[in-house]
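Enquirer: Working from the sequences, and respecting the hints, build out all of it.
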Amino acid sequence: MSTMNQAKVEKYRNDFLKEVTANVEEGEWVKMCMQCGVCAGSCPFGPYWEHPPQEIFMMIRAGKREEVLTSTSMWMCTSCYNCIARCPRELPITHIMHGLAHYADRLGLAPKNQPTRKFANLFWNNLTKKGRANELKLGIALYFMNGFIEGIKTALKMQKMGLNMFKTKRLSPMELLGGHGIKDTGGLHAILKKAREIELANAEKFNG
Amino acid sequence: MSKKEYSFYPGCSSQKGASASNYQVSVDSMCDVLDIKLNEIPDWNCCSASIGYAGGGVLPRLALSARNMALSEQAHGDQDIVATCAACWLATRETKERLLHDEALMKDTNEALAAGGLKVEAKQNVRHMVEVLIEDFGYDGLAKNVKKPLDGIKIAGYVGCQTNRPFGIAGESFENPKYLDKLIETMGAEPVENYDKKVSCCGGALIFSEPEKSHALIKDIIEAAYDGGADMIVTPCPVCQLNVEAYQDQINAKYKTKFNMPVVYYSQLMSVAYGKSGKEAGLDGQVIAARKLEEIAGK
Amino acid sequence: MADEIKIGAYICQGCGIGDRVDTAQLAQVAQRDAKASIVREHAFLCNAEGVKMIQDDIDNEGVNRVAICACSRRAKTEAFNFEGVAITRGNLREGVIWIRPDTDEARETTQDMADDYVRMAVTEAKYMTPPKGDDNTKYTPKVLIVGGGVSGMTAAVEAAKAGYQCTIVEKSGALGGAAAKAWKRIPQHAPYADPEDTGVAELIKAVEESDKITVHLNSHLTKTSGAPGRFSADITTESGSTTTENFGAIVQASGYFEYDARQLPELGYGKSANVVTQAELDAMAKEADGGPIKTKDGKEVNSVAFIQCAGQRSEKEGHLPYCSGHCCLTSIKQAMYFKDQNPDIDTNVIYTDLRTPGAGGEDFYRSGQQKGITFTKGAVSEVVASGDALEVKFKDLILDEDTSEKVDLVVLATGQVPNSGVDIEAMAAVVEGEEDGAEPEEPTAVQVPVESILNLTYRQGPDVPHLKYGFNDSHFICFPYETRRTGIYTTGPVRRPMDMQQAIEDATGAAMKAIQAIENAAKGRAAHPRSGDLSFPSFRREGCTQCKRCTVECPFGAIDEDEERYPQFNEERCRRCGTCMGACPVRVISFENYSVDSVGQQLKIVDIPDEFEEKPRILALACENDAYPALDMAAMNKVEYSAFVRVIPVRCLGSVNLIWITDALNSGYDGVVMMGCQKGENYQCHFVRGSEIAHVRMSKVDDTLQSLSLEPERVSVHEVAITDIERAPALINEMAETIEKIGMSPFKF
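Residue numbers (the working numbering), protein chains in the order written: chain S, 77 to 284; chain V, 2 to 300; chain A, 304 to 1052.
Just so you know, these hints were derived from the structure itself, not from any lab.
It is possible that part of the hints are untrue.
Heads up, simulated DSS-like pairs for lysine-lysine below, C-alpha to C-alpha not over 25 Å straight-line [unchecked claim]:
| # | chain 1 | residue 1 | chain 2 | residue 2 |
| --- | --- | --- | --- | --- |
| 1 | A | Lys709 | S | Lys87 |
| 2 | V | Lys179 | V | Lys149 |
| 3 | A | Lys474 | S | Lys94 |
A partial selection of chain S residues facing chain V, derived with a Cβ cut-off under 8 Å [to be verified]:
| # | residue |
| --- | --- |
| 4 | Leu183 |
| 5 | Gly184 |
| 6 | Leu185 |
| 7 | Glu251 |
Being a predicted model, the structure only gives us computed values, none of them experimental.
Using N, Cα and C, we set each Cβ at its ideal position, and we do this for glycine too.
Expert: Here it is, written out as C-alpha cells:
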C-alpha cells in the first residue's frame, strides 16, 4: 500500500483516473461526468462539501490524487440517492462517493478524525462481529469515538433521547450482554474474508 | 382470498429491543388482517445499510446481502423477499440487480459465498412491504379491511430517500411520489397536499456523525409538516422515523422551536384503521405519542 | 371583349354573415356605390352550387372580375379558384362579424364595416387585370453548381437523380473540397460511437459516373448574367479558355476558408511546429492511416491537448465572433484517432462550452468519454514551448484555478470563414461614402482574399448579398437556401458554419430549390414566397424619371438598368413583393393585379362619415404574410377590435407607396396603422428587406403630416409577427383610442 500512496500522477493525464477505475466502486463512471453540477445542487449536505461531486470528478481527471483521497468531501454523503436519481448522465454518484471513501480509508489517506469515517468503521466492525447491528453498543462506541471526556459529554447530551428509547422499549440494555446475532458467525466471517481477498486480487489484476 | 406468503427479511432495527421494534409490531398486526404470512429468513444478517462502506469494500458488502438471498433461496425457494426497512430493501435489491447485470460479480460473489457453504442465484424479487401492499392488494383491496377510518387526521406523508431512490415504488416519480398520500387517503385520513419535504433527506446514518447538520434537515421536514397543517408525519422508513421523531427535544433546544410532532409508520395507520388496539399497532413505542391515532384505536 | 370590365359581386350569407348583417343592403351597395355589373347573394357560397353559380356567370355572362364577399382571402382558396379572371375578396367573416360583438349597439357600425368591405372588394376588382403570365419564359433544365466539395457534389448528385443536367465548376484541380483532406468524419449512423469514413470517394465516384454531371476543374466563373430559366455563365479555366453555357438555376456551394491560425501567436501557432489546426491534424492522421500519429520531427505523440474555440466565439480583434458548430465534435473525432490507435495516449479537450449538435452529437461525446478522452472546462491563456514539450496554460473553470498541462501536441479548433465573395453592400457603402466625400470606413471583419464567386452582371453587384459575419444572406430557419438573388441558392458553410452531415442535408435542399426555380421560371411563375404568382411588374416608360429608386431598392436585384438608364425588369428574378412599386415616387410601376390604384381606389371608396357622426376611420395596411394572418387568427379566437378600421392586405410593407398614406389623410381618415414583419438582422420579412425599407420610407411621413397640420400620432408603423394574435388587434384599438384623445381629422367632406 505504501507505494500506492506515493503514486506519481501527471496533471490532466489518465493516471489517477485509471487508478480510480481499478480500485473504486463504480470508478469507471468518473470519466462520464459532464460537469453540469446537478449533483451538487441536489445534495442535502451540499453546502458542507469542500468539493462537490462534479468537482471531485474533475479533480480525479486533473490528477489531484492527494487532494481527492484526503478530502472530507465524500464523507458528507448521506446516501439519499438524490444525485443518482437526477444525474443526467446516470452516474452512480452515491456509490462512487462510498467507493472513494472506502479506498481512501483502505489506503490510510482518509482524514483521521472525520466523524463519519469513524462511525462508518465502527458500524462495519459492529455488524461483522456478530452478523447483526447492535444499536446500543454502536451508540456507546459512537459517544466515545472522540475520546472519553467527549464521550461523557455526548452521552449526557443524548441522555434524554436514550431514556426515551429505553422507555419505549426501542433500546434494550440486554444488548450489552451478548444481544442479537446470527448463529453461523464462522460462515459469515469466512465469506467476508474471501470477498475481501477476491476484491483486492481483482484490483491488483487491473493495476497490472 | 388465500394466504399470501413471503420470505421475510426483518432487519436489525426491527428486532426486539431495537429502534424500530414497534414498526415490526404494527407490521405483524397489519399482516394478520391482510392474511399475509411472513416467513423469516433463517439466520439472516445485517445488510450493512448505507454506512458500512468505510470498512467493507463492494464485494464484502454485496456478500452480506447475497448471503441473505442465498439463505432465502434455501429455505423459502422462490418466494419473494420482502423487507420492511428501507435500507435492508435497498441493499438487497441493489445486490440482486448488480449480480444479475454483472456476470463477473456473480462469479466472485458465489466464490465468496462458497467459503460459507452457500450459493446464490438472485432470481427472486426483492420487494418493500409497501410494494406488496400496493401491487398485491391494491388501494381498493386495502380499503376493504378498514373498520375505523382515520377521520379528521391530517397527515404529512414523508417518503424520505431510500424507499424512493434509486429504485422507488414502480410507477411513482422520484420528485413527487404519491403512494403514501394514497395510502393515507385509503385509511380515511387526509394527506397534506404538496408537502414540500416529502422526499428530502433526514441525514440518514449521518445523524450520528454529523448531528448538527442532520438536525437542520430534520427541522425543515417537521416545519413543513406543521406548515401543511399536519397532525402527524407518516413514513415507510425506520431511519426516517427515528431521526424525525427522536431528536425533536434537541432540535427544540437548539432552534427554540416547540416541535411535538408524532411520527408513525404506514403500518401503524393501517393497524389502527383495521381495528387493532394501540398496543397491537405499536403506538406504545412512540417517543411522541400519536394521540389522535390512540383515540381512534381506543374507541 | 377582353378589355371590357364586367364585375360580378357575390355576397355570402353563410357562417352567420346573413344573421349579422343585412346582405340585401350589401348587394345594393355593390351595385349602386361600387358599380358591379352582376350582384348575387348566396346562402352558402363556397359549396358546389355557389361555386357553380359564379362559374356560370363567368362562362355565360362574361364576368371577368369576381368580387367574393364572404370569408378571408386566406380561407376557401380552393373553392374560389377561377381560371382566367381577377378575383378579389371582401372579408365579411374574419374581418367583420367575428371581431364585432353581436349586440344591438354594435349593429350599425358592423353593417358600416361590411358595406365598406363590399365597396372595397368590388373596387379592387375594377382596377385589376387577370395576370397573363410571361410569354418569354425559357425552360433550361440545367443546374450550375459552383464548388466541388461535399455540398456541391451532393447538390449535383441529387439534382441529377431528379433528371436535371448539372455542371460543377471547381476552382481547384480536384473534387472533394475540405472534406477530402480529412481522414474520417464525425459519425452519421447509430450508435455514433466511432469516426466514420468520409464517404468523399464514393461521392466523387457518383459524380464521375453520372452521365448528367459535367465537371470543370481549375475553373471559375468570369461572368454570370440572365435570370432563372435563362442564366448564362462564362466558365474560365486557369489557362484562360472560356466556355459559355446556359443554366436554369445556380447552386453556390463555395464553402469556407480555414481561419488563419497565424493570428493566434499566443497559442503557439507558427512558433512551434507541434501546434497545429484541426485541418492539419486530419492531414497528419491521413498520413498515419491508422498507425501512430507522428509530429513533424517524426516523434510519436503520447499526449495531446485540443484547444476549443481558438480564435472563435471571441470579441477580440481579428477573432471570429461566432461558433463554427462542428469543432467540438471534430476534436472528439480527432482525439479518438489517438485513443483508438493507442488507449494510453492522453487526450485532453479544453473547452469553455462543449457543443455537440446533431442527432448523434451527445452519443459521440459520451463515446469519447468512454474511450477515456479527458474533457476539461477551461480557458486557455497561452501555449509555450517547454523543453521537448508544449505547456498549455489555462484556467480550470470547474476547479477555479490557474494550471497547466504538458503535452507533445496541441490542436487548435479554429473556425470556418465563409467563401462568400464580395460584400456588395459594403462595396455600395464605400461608393456612396466616396460620393459623399467621406473617408471609407475600415472594415473590421476578418480579412480573406476577396474575389467574386459569381461575377454577376447584376446592377446591384457581382455576388449574393451577405447578412452577418460574411455569410450569405439566407433565412436559415424560415427560408433556408433562399438568397436575395432568385434562382441562386447558397448551400453549405457559405451560408452558415456547418459540418459534413449538415452540408449534405443542406445541399439536398438547395438542389430541390434549384429544381423548383427552373420549373417555376419556365411557367412564368414566381418562386417563394408568392410561389405560382403569374403577375409581374411593368412600368410606364414615359412617366419614369430615372430616379433609380426601384433598381436600388429591389431586395432581389431583379431590376437592371438599360443603356438609356431606364429600369429593365427581369421578371424571372422578381418575387412580386412590390417594393419597386412602393419606391416609385411617380407611381409608374404596377402589377396587373396589384397596383397603386388597386389599393388607392379601395381606400378612397370607403365611406367617410362627417365629423359629427363620431365614426372615425382608420386605415390598416397589413402585410399578407404575417400581420393579416394574425388578424385572421384573432378573429377565429373572437378577439374584438375597433369597428372603425378598414384593413387592406398588402404583399409586403415594402410595397406601400407613400401616396396611399397621403390620399388616406387627405380624404379624411383619422389614422393609419401599418403592420409589417420584423426587420433587421433577425428579420422575418418574407422579402428580406421590404419591411426595413418601408420603415425608412415611413419615417419621412412626418413631413406629409406636417404639411397637412396633422398630429404625428395619426400614423404608426409596427413590426408584427404571425403569432401576435392579441397584439395586432390591440395596435388597431390603440389607434382608435389615440383618435379619441386627439380628436377627428379635419379633412372630412
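Enquirer: Run every hint past the structure and note whether it holds.
Expert: Results for each hint:
Distance check on the hinted pair: Lys709/A and Lys87/S sit about 8 Å apart at the alpha-carbon level, within 25 Å; holds. Between Lys179/V and Lys149/V the alpha-carbon distance is near 23 Å, which keeps this suggested pair within the 25 Å criterion. For the hint pairing Lys474/A with Lys94/S, the CA-to-CA distance comes to about 50 Å; that exceeds 25 Å, so the pair is violated. Look at Leu183/S: its Cβ only gets to about 12 Å from chain V, farther than 8 Å, so that hint breaks.
A least Cβ separation of about 12 Å between Gly184/S and chain V goes past the 8 Å threshold, and the interface hint is therefore violated. With a least beta-carbon distance of about 13 Å to chain V, the hint placing Leu185/S at the interface is violated under the 8 Å criterion. With a least beta-carbon distance of about 6 Å to chain V, the hint placing Glu251/S at the interface is held under the 8 Å criterion.
Hint violations for this structure: numbers 3, 4, 5, 6, all remaining hints satisfied.
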